[in-house]
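Listed below are the residues making up each chain.
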Amino acid sequence: MAHEHVKHIDPYTPQSGTMVPLGFQKFLRTCVLWQLIRFIAINIKMTILILKSHH
Amino acid sequence: MARVVIMGGGVAGHTAASFAKKWLGNEHEVVVVTPNSQWNWIPSNIWVGVGQMKKEDVVFPLAPVYEKAGIDYRQAKAVSIHPEGKEGSDQPYITIEYTGQGKQGQSEELGYDYLINATGPKLNFDATPGLGDGNGQLGAHTVSVCTADHAVHASHELKAVIEKLKKGEKQVILIGMGHGMCTCQGAAFEYIFNIEHELRQAGVRDKAEIIFITNESFLGDFGMGGMHIKMGGYVASSKIFAESLYAERDIEWILGAHVTRVEEGKVTYKTLDGDTDEQEFDFAMLIPPFAGVGFKAYDKAGGEITDKLFAPNGFMKVDAKYDAGAYENWKASDWPRTLQNPDYKNIFAAGIAFAPPHTISKPMQAPDGTPITPTPPRTGMPSAMMGKAVAASICDMIKEGATEPTHTASMAEMGAACVASAGKGLLSGTAAAMTVFPIVPDFETYPGTGRDIHGTTGEIGLAAHWVKHILHHLFIWKAKLRPGWTLIPE
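For the record, the sequence lines run as chains A and B.
Our numbering puts the first sequence at residues 1 to 55.
Our numbering puts the second sequence at residues 1 to 490.
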């Protein structure tokens with residue numbers, strides 16, 4: 001099944017020189033429960049970034 | 001009573017004007033000069049460009065907002081700056097030419113005590129033959145998402161391409177940078193993923209060849225020399241992060257390219273290797289290079305001093321180190337902090353309008369000397385922070401008698417957040433959320449990567465997509481100066 005995610009990559013092309021997500025990683029990207037957690041995490045990261053950036 | 005004149009009503013100018021008026025109250029005057037009648041939340045033009053939003057969703061009229069806030073709004077373009085006044089008067093002023101409000105074509109002198117240049121860029125389409133129409137506007141061969149109207153046009157063209165794909169015709173879609181010295185790679189990056197998503201949704205992805213063409217020497221440079229992201233127990237280059245996104249979606253890329261000519265269905269480009277090649281297309285969105293808007297400046301006697309106020313690219317000189325020399329000598333401290341003009345202390349520049357000391361990415365050129373280097377991005381978040389800092393300094397000068405700027409907004413001391421979507425649906429779309437701190441790498445403070453690895457992150461998923469949606473509504477709410485607008489960060 002994992003092969004499904006990489007079958008479009010041709011050898012010795014620039015695309016073959018990087019990493020490509022497999023099924024579980026793709027599932028996590030759209031898993032609402034996990035993404036709710038990530039939503040909180042992203043907001044915290046961005047808030048810290050904003051606070052550090054104002055002088 | 002002091003008068004603060006702000007040239008430009010985009011992210012930097014609008015932010016500066018809004019805060020200046022709030023802090024100065026009715027004792028002082030705040031004037032905004034902008035040729036546009038509408039404010040545009042430019043990041044969402046991407047969604048307009050694929051037909052997922054209407055123009056009305058990303059623009060609103062400025063006049064009622066400024067009227068309510070007590071800001072004097074002139075729908076006009078600034079033409080010249082006279083920082084020493086003129087014979088018989090020491091009052092500095094700018095000349096403006098109205099583009100609306102029933103005064104089209106009329107000129108006027110507008111005196112100021114403090115001037116903020118926040119005009120944004122001139123979209124320099126004509127820098128690449130065929131990309132422009134020869135009169136400074138977008139040409140007929142490609143589309144753009146730089147303005148809301150451009151994006152509407154792009155969505156119509158894309159719709160036609162999708163219809164052809166549905167009929168079984170193969171189509172080549174080319175997205176990227178239309179010149180070797182472009183910035184705003186992020187916009188092209190986001191647009192190509194939205195197009196890919198739309199084709200997938202339409203069930204025609206397999207019929208289309210999608211190609212990214214960029215002046216970056218590696219994917220993920222973004223005009224910032226790339227960045228290193230903490231993920232999976234490693235610190236990895238944004239090259240890996242970006243390449244992965246393209247490879248996953250079967251999008252090809254052309255690197256280190258300077259587009260030299262655009263013709264109907266074909267671009268010619270030169271690469272860092274010195275090769276010249278051509279790429280055919282059925283649909284192309286190529287970002288133009290940016291330049292300053294082309295002001296003239298004059299001294300008291302009427303002699304031209306444009307070179308004194310502006311760099312050769314038309315951007316305004318501020319407190320940056322413009323003689324930093326070769327890349328090896330560059331430091332974070334080269335970047336301006338107060339954004340004050342060194343010769344005229346009552347003039348400031350914010351957002352895209354200030355002249356950077358140099359690029360952030362390492363300068364590169366083709367063997368014949370053609371420079372092919374991304375220029376520095378100055379996106380919404382840093383532009384707004386600059387606008388606010390400049391307004392705060394000016395308010396302290398007016399109200400507290402400060403003799404020097406009291407606030408700073410250096411791109412080497414601030415971070416930026418970027419959310420690049422793919423799709424628009426709340427459950428079907430995904431997005432890449434990236435944070436970077438600082439924007440300009442500081443190799444003295446952060447040896448090795450130049451950035452705080454805890455503050456420089458990237459991840460892909462629905463959560464980032466939700467953030468993108470929220471930011472769209474929050475920033476339009478803020479720009480409309482609706483209740484609580486000051487609580488929404490820049």
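These aren't lab readings, by the way, just hints derived from the structure by calculation.
Predicted model, so just to flag it, every value in this text is computed and none were measured.
Idealized CB from N, CA, C, for every residue including glycine.
Certain hints may be false.
Under the rule of at most 20 Å between Cα atoms (straight-line distance), these lysine to aspartate or glutamate pairs were calculated in the DMTMM-like manner [as the list claims (entries may be wrong)]:
(1) B:K77 with B:E56
(2) A:K52 with B:D442
(3) B:K300 with B:D442
(4) A:K7 with B:D442
(5) B:K239 with A:E4
(6) A:K7 with B:E108
Among chain B residues calculated to face chain A with C-beta under 8 Å, some are [stated by the list, open to error]:
(7) A127
(8) T147
(9) E248
(10) A412
(11) A417
(12) H473
(13) L474
(14) W477
How the hints compare with the structure:
Our distance criterion of 20 Å between C-alpha atoms is broken by K77 (chain B) and E56 (chain B), whose separation comes to about 23 Å. Simply put, K52 (chain A) and D442 (chain B) have alpha-carbon atoms about 15 Å apart, close enough for the 20 Å limit, and the pair holds. Between K300 (chain B) and D442 (chain B) the CA atoms are separated by roughly 41 Å; this puts the pair beyond 20 Å, and the hint is violated. With a CA separation close to 41 Å, the supplied pair K7 (chain A) and D442 (chain B) exceeds the 20 Å bound.
This hinted pair does not check out: K239 (chain B) and E4 (chain A) have alpha carbons roughly 24 Å apart, beyond 20 Å. A hinted pair counts as satisfied when its Cα atoms are at most 20 Å apart, and K7 (chain A) with E108 (chain B) does not qualify at roughly 65 Å. With 8 Å as the threshold, the beta carbon of A127 (chain B) stays out of range of chain A, its nearest partner Cβ sitting at about 28 Å, so the hint is violated. For T147 (chain B), the interface hint is violated, the least distance from its beta-carbon to any beta-carbon of chain A being 27 Å, above 8 Å.
With 8 Å as the threshold, the beta carbon of E248 (chain B) comes within range of chain A, its nearest partner Cβ sitting at about 5 Å, so the hint holds. Among the interface hints, the one on A412 (chain B) is violated; its C-beta lies about 11 Å from the nearest C-beta in chain A, farther than the 8 Å criterion. Because the beta carbon of A417 (chain B) sits about 5 Å from the nearest beta carbon in chain A, less than 8 Å, this interface hint is met. For H473 (chain B), the interface hint is violated, the least distance from its beta-carbon to any beta-carbon of chain A being 15 Å, above 8 Å.
Taken as an interface hint, L474 (chain B) does not check out: its beta carbon lies about 12 Å from the nearest beta carbon of chain A, beyond 8 Å. Of the supplied interface hints, the one on W477 (chain B) is violated, with its beta-carbon coming no nearer than about 17 Å to a beta-carbon of chain A, more than 8 Å.
Violated hints for the displayed structure, listed by number in ascending order: 1, 3, 4, 5, 6, 7, 8, 10, 12, 13 and 14.
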